[in-house]
Amino acid sequence: MFDWWVHNADRNLTELGGNPNLLWSNEQPATLTMIDHNLAFDPDFNAAEFLHLHIFSEEVPALFSDFLLRESYSARFDQAFQSWGDICDTLPEAWFFIDAEKTLPVNYPFDAVKKLLERAASEAFWQLPP
Numbered sequence: 001m002f003d004w005w006v007h008n009a010d011r012n013l014t015e016l017g018g019n020p021n022l023l024w025s026n027e028q029p030a031t032l033t034m035i036d037h038n039l040a041f042d043p044d045f046n047a048a049e050f051l052h053l054h055i056f057s058e059e060v061p062a063l064f065s066d067f068l069l070r071e072s073y074s075a076r077f078d079q080a081f082q083s084w085g086d087i088c089d090t091l092p093e094a095w096f097f098i099d100a101e102k103t104l105p106v107n108y109p110f111d112a113v114k115k116l117l118e119r120a121a122s123e124a125f126w127q128l129p130p
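The sequence shown: position 42 = 42 (my numbering), numbered continuously.
Watch out, some of these pointers could steer you wrong.
[Said to hold, decoys possible] Derived CB-CB ranges, DEER-like:
| # | residue 1 | residue 2 | range |
| --- | --- | --- | --- |
| 1 | Asp111 | Asp66 | 29 to 39 Å |
| 2 | Pro130 | Thr14 | 33 to 43 Å |
| 3 | Trp126 | Leu22 | 47 to 57 Å |
| 4 | Arg70 | Glu101 | 39 to 49 Å |
For the record, the hints were derived by calculation from the structure and aren't laboratory data. In this text, all values refer to a predicted model and were calculated from it rather than measured experimentally. C-beta atoms are modelled at their ideal positions from N, C-alpha and C, and glycine is treated no differently.
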């Protein structure tokens with residue numbers, strides 16, 4: 001669900017292989033850690049391709065049709081999103097520039113990313129492409 005929320009299409013695995021970007025630890029308690037979020041907030045995100053290739057694509061129908069799970073995920077997304085302003089306010093100044101001299105701004109699309117994350121509060125978020 002996290003990858004759907006942030007439009008991260010870089011966690012793929014099919015019968016032919018892939019790049020799931022997951023680290024699994026069998027030590028107790030067992031943990032699953034998602035790594036490599038460099039494709040998050042992709043403006044060219046393809047929902048149909050994502051749903052076909054994502055490592056957990058087989059779970060999508062159950063996740064999207066279970067109203068209790070939807071409510072639980074919606075609450076988690078909302079809680080995380082409540083920190084949006086604080087997160088943006090605490091980013092290091094250097095991250096806003098390409099160069100060390102701070103003369104070339106990154107021009108990161110914060111408004112577009114915020115809008116993308118806000119869609120989790122809408123019914124459209126839970127609609128799968130045909």
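Here's how the hints hold up against the structure:
1. Asp111 with Asp66: 29 to 39 Å: Taking Cβ atoms as reference, Asp111 and Asp66 lie about 32 Å apart, which means the hint holds.
2. Pro130 with Thr14: 33 to 43 Å: Because 21 Å falls outside the window, the suggested range is violated.
3. Trp126 with Leu22: 47 to 57 Å: At roughly 24 Å between Cβ atoms, Leu22 and Trp126 fall outside 47 to 57 Å, so the hint is violated.
4. Arg70 with Glu101: 39 to 49 Å: holds, 47 Å
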